[in-house]
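Numbering (this note's numbering), first residue to last: 2 to 65.
Simulated from the structure, these hints should not be mistaken for lab results.
For clarity, every value in this text was computed on a predicted model and none was experimentally measured.
We put the beta carbon where it would ideally sit given N, CA and C, even for glycine.
One should not assume that every hint holds.
[Unchecked claim] Computed beta-carbon distance windows for the label pairs:
hint : residue 1 : residue 2 : range
1    : Ser-32    : Ala-57    : 32 to 40 Å
2    : Arg-64    : Met-38    : 43 to 51 Å
3    : Gly-46    : Val-26    : 25 to 33 Å
4    : Thr-56    : Val-33    : 30 to 38 Å
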Amino acid sequence: MEGAATIDFSAFITALTKAITVEQVLGVLASVIGVGMIFFLMWLGVRRAVRSFTTAVSTGRIRI
Numbered sequence: 002m003e004g005a006a007t008i009d010f011s012a013f014i015t016a017l018t019k020a021i022t023v024e025q026v027l028g029v030l031a032s033v034i035g036v037g038m039i040f041f042l043m044w045l046g047v048r049r050a051v052r053s054f055t056t057a058v059s060t061g062r063i064r065i
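With these hints in hand, go ahead and build the complete structure from the sequences.
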């Protein structure tokens with residue numbers, strides 16, 4: 002292709018690698034995993050509560 006311009010991203014990449022550290026990336030990943038685990042466990046708890054409630058209503062007995 003004639004006239005195709007190339008863009009040099011080396012300055013941007015250098016500035017980005019100096020601004021973001023490995024510790025920051027690991028901290029963000031740990032936070033995301035922690036919040037994800039909380040939502041997963043909450044989802045399991047809600048499922049169990051709904052199942053227990055519907056069983057209690059249909060059979061007339063509460064089981065824990």
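Quiz item: Within 30 to 38 Å or not, the Cβ separation of Thr-56 and Val-33?
Solution: 35 Å, holds
Quiz item: Honestly, do Arg-64 and Met-38 meet the 43 to 51 Å range at C-beta?
Solution: 27 Å, violated
Quiz prompt | Ala-57 and Ser-32 - C-beta distance against the hinted 32 to 40 Å | solution = With a Cβ separation near 37 Å, Ser-32 and Ala-57 satisfy 32 to 40 Å, so the hint holds.
Self-check item: Consistency of beta-carbon spacing, Val-26 to Gly-46, with hint 25 to 33 Å
Solution: 31 Å, holds
Hint violations for this structure: number 2 only, all remaining hints satisfied.
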